[in-house]
Amino acid sequence: MALEIRSIPVLTGETAERFVREAEENERNPQRRKLVFSFEDIDRIMERSRKYMKEHGGKGPFAK
Numbered sequence: 004m005a006l007e008i009r010s011i012p013v014l015t016g017e018t019a020e021r022f023v024r025e026a027e028e029n030e031r032n033p034q035r036r037k038l039v040f041s042f043e044d045i046d047r048i049m050e051r052s053r054k055y056m057k058e059h060g061g062k063g064p065f066a067k
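For what it's worth, the numbering used here labels the leading residue of the sequence shown as 4, then goes sequentially.
Just so you know, not all the hints are guaranteed correct.
[As the list claims (entries may be wrong)] Computed spacing ranges between beta-carbons, pair by pair:
id : residue 1 : residue 2 : range
1  : Thr15     : Lys57     : 50 to 56 Å
2  : Asp44     : Arg24     : 46 to 52 Å
3  : Arg9      : Met49     : 47 to 53 Å
4  : Glu43     : Gly63     : 20 to 26 Å
5  : Arg31     : Tyr55     : 42 to 48 Å
6  : Glu58     : Val13     : 45 to 51 Å
The set of hints was computed from the structure by calculation and includes no laboratory data.
Every residue, glycine too, gets a C-beta built ideally from N, C-alpha and C.
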């Protein structure tokens, strides 16, 4: 079954110019952000994931 081809919006005028200016500024001055999660948080998330997979026979929550 084929997917419908949708038109892609094109920026023009002042909107396009503003987009390019902001993209170039972000390229020159990237904003670094700190991790929101600590390694302990990530360990808890991974442990919860392993527990879920074990309880559900190795199938993730979106498996059919």
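Taking the hints in turn, this is what the structure says about them:
no., hint, verdict
1, Thr15 x Lys57: 50 to 56 Å, "holds, 54 Å"
2, Asp44 x Arg24: 46 to 52 Å, "violated, 37 Å"
3, Arg9 x Met49: 47 to 53 Å, "violated, 38 Å"
4, Glu43 x Gly63: 20 to 26 Å, "holds, 24 Å"
5, Arg31 x Tyr55: 42 to 48 Å, "holds, 43 Å"
6, Glu58 x Val13: 45 to 51 Å, "holds, 49 Å"
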